[in-house]
Amino acid sequence: MSRRRGQNFVRPNRRAFLRGVAGATVALPFLESLPERSAWAASAPKPVFGFFLCAVGGVVRSQFLPAATGPLTPAGLAAEAKATSALAAHADKLLLVSGIKWPPGSVMSDSHVDGLCAALTGKVPLVASGSAQAPRGAGPSADAFIASKAHPDRGPIALYAGNLKNGFAAERLSYSGPGTLVPVIDNPHTLYQQLVGLDRPTADELLLRSRKSVHDLVREELKTLMQSSRLGAADRQRLQLHFDSIRDVETTMTRVCSSEGLDTAKLAGLATFKYDAHRTDEMVGLHMSLVAMAFACNYRRAASLQWGDPYDRTIYDVPSNPSPQWIFTHISHRVQSDSAVGSDASNPTATQAHVEIDAARMKTLAAGLDHFKARGLADQCFVMWTNHYAEGPSHAFADIPHIIWGNGGGFLKQGLYVDAAGATNNRLLNTLISAALQDTGTVIDNFGDGTGGLLDAIRA
Amino acid sequence: MLLATAWQLSCGSQSRSSSSGGVGGRSATGGGGNDGLSRGAGGGGPGAAGGAPAGGGGGTGLSGGQSGHDGTGGTLGGGPKYYGSPLYTRVQRLTNDQWQRAVTDILRFDSPVAPLKAPANPPPPGTTDFTNNEKLLLVDAEAAVDFEAGAEAAAARATGSAEALARLYAGTDAAGFVRALGRRAFRRPLTALEEQHYQSIFAWGETLYGPGVANGAGLVIRAMLASPNFLYRSELGAEGEPLSGYEVAAKLSFWLLGTTPSDDLLDMAAAGELDTVAGVEAAARAMLERPEAAAVMRDFHGQLYHLDRYAGIDPTRAPDGLRAELADASSRFFDAIFTRGESVRSIFISTRFFVGPALAPLYGLDPPPAGIEERTFDATRDPSRVGYFTQAPFLLLYGASDGESDPLTRGFVLSYDVLCVPLPMHEDYRNAVPPLMPGQTNRARFEQVTTSCGTTCHAVFLNPLGYAFEGFDGLGRARDRDNGVAVDTKGSYPFATGTRTFADARALMTLIADSPDAQGCYAKGLAGYALQRDMVEGDRSLVSDLATVARDKSLKELIVALARNPAFRLRAVGGP
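The listed protein sequences derive, respectively, from chains A and B. Convert by adding 1034 to the 1-based position in the first sequence; the result is the number in this note's numbering. With this note's numbering, letter number 461 in the second sequence gets 453, and the count goes up by one each step, no holes.
Derived from the structure by calculation, the hints contain no laboratory data. One or more of the hints may lead you astray.
[Claimed, not checked] In silico lysine to any residue, SDA-like type, Cα no more than 25 Å apart, as pairs:
| # | chain 1 | residue 1 | chain 2 | residue 2 |
| --- | --- | --- | --- | --- |
| 1 | A | K1257 | B | A505 |
| 2 | A | K1080 | B | L182 |
| 3 | A | K1257 | B | L182 |
| 4 | A | K1257 | B | E281 |
| 5 | A | K1080 | B | L130 |
| 6 | B | K109 | A | R1281 |
| 7 | A | K1257 | B | L467 |
| 8 | A | K1257 | B | A106 |
| 9 | B | K109 | A | A1374 |
| 10 | B | K545 | B | E281 |
| 11 | B | K482 | B | A559 |
| 12 | A | K1080 | B | A106 |
| 13 | A | K1257 | B | A184 |
| 14 | A | K1080 | B | P107 |
| 15 | A | K1080 | A | R1188 |
| 16 | B | K109 | A | S1263 |
| 17 | B | K109 | A | A1120 |
| 18 | B | K109 | A | L1241 |
| 19 | A | K1257 | B | A141 |
| 20 | B | K109 | A | T1214 |
[What the hints assert, rightly or not] Just the calculated beta-carbon pair ranges, DEER-fashion:
| # | chain 1 | residue 1 | chain 2 | residue 2 | range |
| --- | --- | --- | --- | --- | --- |
| 21 | B | G202 | A | S1371 | 55 to 61 Å |
| 22 | B | K109 | A | G1475 | 56 to 62 Å |
| 23 | B | K109 | A | P1105 | 37 to 43 Å |
We treat Cβ as the ideally placed atom computed from N, Cα and C, and that holds for glycine.
This is chain A alone, in the form it adopts within the complex:
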């Protein structure tokens, strides 16, 4: 299901090229690419990026969020011994939100699908036929909406970690319009190819590469000029400022927009990857690392990731899920059935396995957030995690936990756990969308079909 573009562009090695032309060697470091400069220019409004993740299967509510609302600290969050304690290292960048309710399910009442449809649309799903797989989001979804406003010529990055080909139902998270799914990428290798330019380079990528060559030459010329014995200290400092300015701009860009930090060996090995029920979270981690790079490069303004199939077949290797292992949907249901649902009391082992899976998924999320942090995106993006329903057995759409990392360009509170007191996810999405569109001067207060307005509980 991977959608790789089929061109065979081969990136020329510029260092070798320059050495070979005219016999001159210009000792210039090679960098793969630079971000679109306008996105990072000091004088321009900086873009804000938004990444929405929606996992499946619910959580064990009592063991997920801290016991009480209030400020978050690394030590305090770690001491809670809850699933979200795995995020303790990010505590100062986190905004934990409880008390968010979603629109009611569709007439088909398949919560597995309905939840995904409503997660980013804030609307009751559409139903075109009578099957349980049928519902579609009444879109657009928040990721596509942001992309349409900020990068009209580019859609969001829609990602999928699961069995896209053979699941009971597959992608249901990202919509460009009512019922219109945004094509998803399930293999991180595909996105990697797009980002590092193994496909035919875009105009932006060419621009970035050409800028780099200009910068390299300018730096060489500045160094030559600074070697003049005629220059005094003030002039050297003046030229050094120029040199440093170019270097700083470029260093910042290359630090945030480079393949550094990516597990390139693993990504390269995924060229022929087929779904593996044991590797869902590994794919999530790789996807997150790539989205961080994509944002840093201003490749796309928004992204979404569906974390698991609606009826998820992922097998989590946690202590309470020994062989023969249960798939996650069954653990979530507390029974080995897609259609039946047990209870925590009826199967405490499955409940405990779910607690352990929650913790494992939060570790995956934390590791993914490390990539955003490393690229300096905490002040220029938000990463929102949620689940397609609140808890496993209940499949409820009330009090669904939301985790937000990053201040969305200063728009969002941080280091805090708040209770939204039953606010609809429309208001939460309004706030996140408005954060992402700050550079356009747009405030959205009527997204979806629920309660209008922003959610003050999360707004800085």
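Could you slot chain B onto chain A? The hints should help.
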């Protein structure tokens, strides 16, 4: 009373040399406190690398902070004061305007390229006060990004059509293109190594974007316009030695025409024709006859006398149409002096003025002209009006919001801009000025609040200069009575040649026109603008020589004298 105390402190600070205070600088707006003009921040340059001015502190230009300048010697009067701290840079970055004109000319565009987006930095108060000062022209990250974006846009335009590309170079070979464009961009022939590098860039452009001259040329243009060899005008010779012909060509062209040297001028440099004083003079004289020179001088006078302040006058005092006319009429006045071969003295004693329909009522002209017209003051109707400073624009700009005149600000500006004697001024003085009492003149009212300052500032240096203009109200209209009482415009001023008395503004202008103080001040400004640096005590001889020329010769001759002077032609001695 409190203000009087603060004022006294302010004036007292004038007599001490400070190394930390803000400069009571002329970039501080001298306009009325309610006229919407900004008050420039005083003190401290931008802290250019290694070259922060002596006055590093803050303070508001018109505030009563420390004077912050050196070189007054603890006394006032006696000619221009020097208090700068030049860097004598050898690598002078182009100004934004120079960049725009140079790129337009290098790429043979028939209309200007888009201006840079990054705003020009304000001049450091109390130094040369010009935006082309060496301390302001740096390449920080924002500027680097700005230059790059501008270069990319220009390159796209230059390679956007075969015709545009052919204007740059008729051939299609990389070597020829690099050589031809490089000479124009770097204002000298490229070295062999540079040619190799840029040929590589040309080839890389074709690799990235595909075969084609436009793709290679486009990247070369971008690289050359980002190069320090283009962005900086350099002087890399030994101290005290003549600049190279190419350096002279660039220095002259950017000063007098605001743009890169023409191919012809570069040819002259190559032929050694700019290696002699006569050659430099000939080149300068030719440039001064071109319209670009008039534009440069308009910029100079605009900065010297702060003509940009007209745009900031409170609309309640001067609506849009009048504000535009004030600036236009003022610029035309200075244009005429330059283009018609007149001297500095004309600035003070010319009876020429420009007036349009909005300004006409202030001069009592009826019917008003349909557009801006040149007129001559009628000696009968306007006996006190001579020169720029008795014209309505200047007087209105430095009038008070209540319609009254503002003698302190007028005196301050005259002292600073015309005589180069910086005086500190208290920011809140207007609040201390009491309402006019029946039968009280504005002069008498101001006397009430300035007497405590003694003789140092107000009584001797500032108030008399301002009171001379009491024959004009806050809008610049002539008057002989104020609040029902005859105006008193008499005063005296301690010029360098001695104290002189005057009866009114006209008499004061005549004294100023003939004074070495004003001639030296103008020459100091011109040199600071041309050399793009602060002027210091070591420049006193240069300024004195130029002031002598300024007395009788035209502005063009003054410029030629500066171009001939070793201070312009030789690499400065004493840089850091």
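Pair hint outcome, K1257 of chain A versus A184 of chain B [Cα-Cα no greater than 25 Å] | Measuring from Cα to Cα gives roughly 17 Å; hence the hint holds.
Consistency of beta-carbon spacing, P1105 of chain A to K109 of chain B, with hint 37 to 43 Å = holds, 41 Å
For the pair we were handed, K109 of chain B and A1374 of chain A, check the Cα-Cα distance against 25 Å.
-> The given pair, whose Cα atoms are some 64 Å apart, is violated under the 25 Å limit.
With a cut-off of 25 Å on the C-alpha distance, tell me whether K1257 of chain A and L467 of chain B pass.
-> Measuring from Cα to Cα gives roughly 56 Å; hence the hint is violated.
Agreement of K1257 of chain A and A141 of chain B with the hint, judged by alpha carbon distance not exceeding 25 Å | holds, 22 Å
Keeping to a limit of 25 Å between CA atoms, is the pair of K545 of chain B and E281 of chain B held or broken?
-> holds, 16 Å
Sort out whether A1120 of chain A lies within 25 Å of K109 of chain B, counting only the CA atoms.
-> violated, 46 Å
Range hint 56 to 62 Å (beta carbons of K109 of chain B and G1475 of chain A) holds or violated = violated, 18 Å
Within a Cα-Cα threshold of 25 Å, do K482 of chain B and A559 of chain B meet the stated pairing?
-> Violated. K482 of chain B to A559 of chain B sits at ~41 Å, over the 25 Å cutoff.
Keeping to a limit of 25 Å between CA atoms, is the pair of K109 of chain B and T1214 of chain A held or broken?
-> Measuring from Cα to Cα gives roughly 41 Å; hence the hint is violated.
Below or equal to 25 Å on CA atoms is what counts here, so check K1257 of chain A against A505 of chain B.
-> violated, 50 Å
Is K1080 of chain A close enough to R1188 of chain A, meaning Cα to Cα at most 25 Å?
-> holds, 18 Å
In the structure shown, a violation is registered for the earlier hints numbered 1, 2, 4, 7, 8, 9, 11, 16, 17, 20, 22, in ascending order.
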